[in-house]
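**Q** The task is to assemble the complex, starting from two chains supplied on their own in separate frames and drawing on the hints.
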Amino acid sequence: MKKIFLVLFSCLLLLSGVLAGCSSNESEAGGKDGEEVKLTWYMIGTPQKDMNKVMEEVNKYTKKKINTTIDLKMIDWGDYDKKMQVVIASGEPYDIAFTASWANNYVLNARKGAFKELDQLMDEHGKELKGALDPAFLEGAKIDGKLYAVPTNKEVGQQGVYVFNKRLVDKYKFDIQSIKSFEDLEPMLQTIKEKESGIQPMTTFTPHAPFDYILDDKMPFAVPLEGENKIVNVYETDEMKQNLDTLHKYYKAGYIKSDAATSKEPWALDVENWFVRKELYQPYAENIWSRNAGYELVVQPMHESPITFNNSVTGSMQAISATSKNPERAMEFLNLLNTDEYLRNLMDKGIEGEHYEKLDNGRIKDLPARKNYTVPSFALGNQFILDLYEEDSDDKWEKFEEFNNQSDDAPTLGFYFDPKPVRTEIAAISNVTSEFAQALLTGSVNPDEYLPKFNKKLKEAGLDKALDEMNKQYEEWKKKQ
Amino acid sequence: MLKPAVPSKKVPKAVKKKNYNPHQLGKKANAILNTMLAVFAFSCVFPFLYVIIISLTDESVLEKNGFSLLPETWSFEAYQFLWAIKSQLLQSYMITIAVTVLGTIISVFTIAFYAYAISRPQFKFRKQFTFFAFFTMLFNGGLVPFYIVATQVLHLRDTIWALILPMAVNAFYILIMRTFFQRSVPESILESARIDGASELRIYFQIVLPLSLPGLATIALFSTLGYWNDWFNALLFIDNPALVPLQSLLMKIENTLEFIRQNTLLTGSVKGIMQSVPKDAAKMAMVVIATLPIAVSYPFFQRYFIQGLTIGGVKE
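Read top to bottom, the protein sequences are chains A and B. Residue numbering for the first sequence follows my numbering, starting at 1 and increasing by one per position. Residue numbering for the second sequence follows my numbering, starting at 1001 and increasing by one per position.
Bound-form chain B, shown alone (with noise of 0.2 angstroms):
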């Protein structure tokens, strides 16, 4: 998982001893500061590198030493075993892009309009629609109902939006979201804003919206990570191999590693069971690609992600 990285006080080169600077650290303290943050920079970067390094070690020399930093032998195996198996990988990259894109738009809109219905004080119901909310947050009716309602009700089985709809709304966001409109767009700016006329959607969305972005940033990427992540909504409702996400597929690979660990006596007579189960390398390079594409777009929220969740966008 990467970190947001720690903005480092810059210290200016010609410093001389004359010009006292309070908030000056000392040579020492910066010293340790600065290898620890390493440190631990280096500790969150490094299980990546690693699975990066096994991906690309030979799979005889894994069987044989187990993982190594400097393997033996290098090899591009496992991607020629992904590219072989590319058109389900493929095609679960575009279902868990298709879900992660429409699924942070609808999940970004609705939550940033429930959150700004709760966040104004005209809103008569609003301490009961914060609570309506707040309430799932402590108790939910469990894995059986919700299924119930997710395929007897809705029918969502065996479609997209049984990956989409369940993680569509999220409480704590909307709390977080509210509390942003509540701190970010003061009542003052709607207020001029309605003397000149403008309807509450029009507020809303050429006012309110964009002083919000970086808060709608924060939760974006929250859903992104949510959606990308997700496998377990798959293994609930889909059983149609074309609609697999990709984490999913990546599951169902180690299940059934740990299916065959607890049922080593049926793996004989299960005839190509054994075959179908990528090896460790393979598996690495699975994790490398589900994971590159998120990792590199995290770059673009971290701007907003700082300032959504710690300053608001207006000063008064």
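Just chain A, with the same shape it has in the complex (with noise of 0.2 angstroms):
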């Protein structure tokens, strides 16, 4: 055996003096204030075949203002989130990531401390870039005090809308402004049912539920809107019982699909096959939504006014690693990228006259190479200083800053609950939750039957523990309030 770890320990010798061989040659980064910076951003989206050229521009542009050029990587939907946590693990070094609640999680990664804290660095070189920023923003992406993204300027509350067909809205004359609950909703999905072959009445999608989630919105976890404002097991609130006695109903009378809790059925809206749906709304979502399907769409709101979410702040968000060697530099990148009209629309729209042209109003209009060059809008960066399509109104951005002014606070902004104390607990009500939940919210089982069961097994895997930490938590935060 000695022989074996002698020659297995000269072979590590070996490699690791190879090894070190090679990375000594790397050259550091440099980032002294003159010198000229490349930063490298990772950024979710499919990889567009023009993505050089608009680069190209980008960075001409962002040389000659703050001396520094972008790498941009562009990682496809699905494989962001798995790409960016071995990126982030392996210590890997890069300078700016999008991060969300729903891809590349933010508050994990704040929390691990992948991310730098950029209080600072913003005051310091991101003045333009904090006034340009809804307030509601900063506060709510802070995490125990401490901001580690900036936030993309945009709708800030989130609202629920049903999304009809209007062309069957229309056939078979439907009142949508009268329906106030999912259970109004019923008359039409029968009509729908019966005189409409091949289309399914309602997408697969869960009614409101007037709760403010703690964890994700399948999670046992919320605060109820209205009423006492602490931390309750959704599952055992009336409000959720009936939400799932309607989904059971419309379930057995076929207007959800049957196979809704196992379908991979994307529900695209360019395919006509759908009456009803639930979408997230911001102002004048319709006539982006009609236009990706190709025909017309109306929308009924599905609660008063817009609410205000942790998922809702932190829906879209660039990050500064804390591997950066140039975190200066990019935040002065974020800054300009979010103020700078130029940029902006150059790093969204691609090449003026090539991409999209301006039109002697003043408005835009994209041109057929558009198609090589389609990057989420959202994602990037601040919506407000966007060019105006020359179909859309006038008060776009208006409109979006009352729909903003609109939005309610939820009761647990800025709260971002650490799970550590009972990792084990949250842990075993995730495995409950996944082996319940799907099959419950699209209305595949009897909740009669099944929620007195989901709540035993998540009783047992320790729910009671985690609910006190949590409300443990959230009293001392709100006492700092």
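Hints listed in this document are in silico derivations from the structure and should not be mistaken for laboratory results. For glycine and all other residues, C-beta sits at the position ideal for the given N, C-alpha and C. Treat the hints loosely; a few may be bogus.
Stated by the list, open to error - Under 8 angstroms between C-beta atoms, here's a sample of chain A residues computed to sit facing chain B:
#1 I75
#2 D79
#3 K83
#4 A89
#5 L121
#6 P266
Stated by the list, open to error - Computed, partial: chain A to chain B, Cβ under 8 angstroms:
#7 P47
#8 K73
#9 D76
#10 W77
#11 G78
#12 V86
#13 S90
#14 Y172
#15 K264
#16 E476
#17 K480
**A** Structural data, given as structure tokens:
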């Protein structure tokens, strides 16, 4: 055995020698004030054909402005999360990364120390940026009082809306204004089911529930929007029971797809096989949706005014990596991106004259080449400085601001639960939830039978302990407010 | 997945009752076994046939009726869709082929060298090197160290080598090859070569390798399949769309669909995301064109494959 270890050890030594030799060749990226710097930026979205062309223009501009060039790495939607996990875990140096509540998890990574604290950096290198952002974003995105990523300036609140296929609404003369609750949909769904073959009355969605969820909208923890201000088990509330009952009724009647719990049907907008669906609203969203769908859509809000949740303020952000060698430059770049109209429109829509053209009245219009450059606008940066399309309403951005002013803060806005003390319980609860929630929330199983089972298993998984810890942290947080 | 066809026992047609053949199966047993094998063979081929049928089904019929064996309307639309994105597809095809060919060559040579060395009793440290290889079968550093070594030490990121090198050496294949060398290349042949004055390299290339063709072909087949089907390395190391291999392209589509399913409320604001995702028929058409080459090339390997796993090249 001794020999074996000797051999192994010498191999290791040899190897590490070689490796050390390799790494020392690498030149340090310089970041002194005057020097040119190259920033690596991980971004979510499908890589585009004309990416390099546009980035060349971007780099020309940023080099002139802040002596910085950008190496943009677009990672496809489905791959982004996995890829960033490896990148972050390996401590790879990069500068900026997209982060949100739904991809490259913001709270988790910020707590882990993967992102830089930005408060001071922003004060020093991003003054204009700070001024441009809606204060609700900055407040809501703070974790334990510190900001770890730059939110995108867009709609701050969340408002669920029913989206209807206008052709069918007109055909049967439905009065969608009268819909106030999920139950009100029933007569319409019934008509569609009877008279329209090949149309699914409703896509797979969960109705609006008046809760402010702590973890995600399947996990049982939430603060009711009305009533006592403490965290409860959603699945023991009457509101949830009523929703689940209605869902199950709709499921039995065939309004919901029969394999909804396991189906991979994406309910694409451009396939006209549905009557009503749920989307999150922003001013004039129906125009965008209709344009994407290729046919007319109408919307009806599910609840009164938009609500500002943690999830909505952290819906799209750019973080600066803790491994970044040039955090100041990264902040300067984000500052420029969110405040400079030329740069922002260039990154969003491509090159003027090639991907889009300016009309006489200052409006813009896509050119055919635009299909080679479509990037997720909401994920990139400030929405309010984007040029308007010819069919956009004049007051689009004013409406956005109005929408933002209307938004009510959710009770837990700015509260981020630290799961460390009850990690095992949360993991067990998460397992139980993934077993039951999907079936219940699609109406596939009878809640009278399965809801008690679900709640019993949640209890066994340590729900009470987790709730106690959550409420303890929540009370402490409330005191500090 | 295709399975090697089982050589059927030929039954002489005119078997007279008098000629008792001890290897002859009873009629009933023969029928049962044949049916069982036929069913098994069919169940192997069937899914693939099904995929081909779906890829030729009209998309609107799929939306309405789901998958069916005899679709109402046939259509080549899925393949037309693939033709429309042919620049990306061809690019990925080239990458996959390049990686597979280059990778298989590199991998077969490396593995054969290593295995030959540890198969010869004259080599003093063969036990240690066998253990060195064997050890990696039991333990490995895990994903993150692997990623760090590949990107920060070897700088493989966004190069074609990131798709080749991580899979070039496989400890299990080394052990198969070592056993193969030990069994099929007897020491006496090498001895006689040495007496005739052959150098070690000459012995290796002119005697050992030709004798071990079945073993090499087996390893080559394994490697080819491995490289052809690999998508994970591309997910980790490739950001440049020009270097994405075919299987990775397929996985991307699957992942994106899964992503949309989980984030149903996002799609409204993500302009263009839905249009870029191919529909079912197109997905199946991609599977067809991604699988076909490897399925077609399989029969060429098959002869060696069976030999390689069962008998050695030399009888003593």
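**Q** Evaluate each hint against the coordinates.
**A** Here is how each hint holds up against the structure:
1. I75: 7 angstroms, holds
2. D79: 6 angstroms, holds
3. K83: 7 angstroms, holds
4. A89: 5 angstroms, holds
5. L121: 25 angstroms, violated
6. P266: 5 angstroms, holds
7. P47: Constraint on P47(A) satisfied, holds at 5 angstroms.
8. K73: Because about 5 angstroms separates K73(A) from the closest Cβ in chain B, which is inside the 8 angstroms limit, the hint holds.
9. D76: Holds, because the Cβ-Cβ distance from D76(A) to chain B comes to roughly 5 angstroms (cut-off 8 angstroms).
10. W77: 5 angstroms, holds
11. G78: Check passed: Cβ of G78(A) comes within 3 angstroms of chain B, closer than 8 angstroms.
12. V86: At about 5 angstroms, which falls below the 8 angstroms cut-off, the nearest Cβ of chain B leaves the hint on V86(A) intact, so it holds.
13. S90: The hint holds - S90(A) has a Cβ within 8 angstroms of chain B, the shortest such distance being about 5 angstroms.
14. Y172: 21 angstroms, violated
15. K264: 6 angstroms, holds
16. E476: 31 angstroms, violated
17. K480: Violated: closest Cβ of chain B sits about 31 angstroms from K480(A), beyond 8 angstroms.
In this structure, the earlier hints numbered 5, 14, 16, 17 are contradicted, and the remaining ones agree with it.
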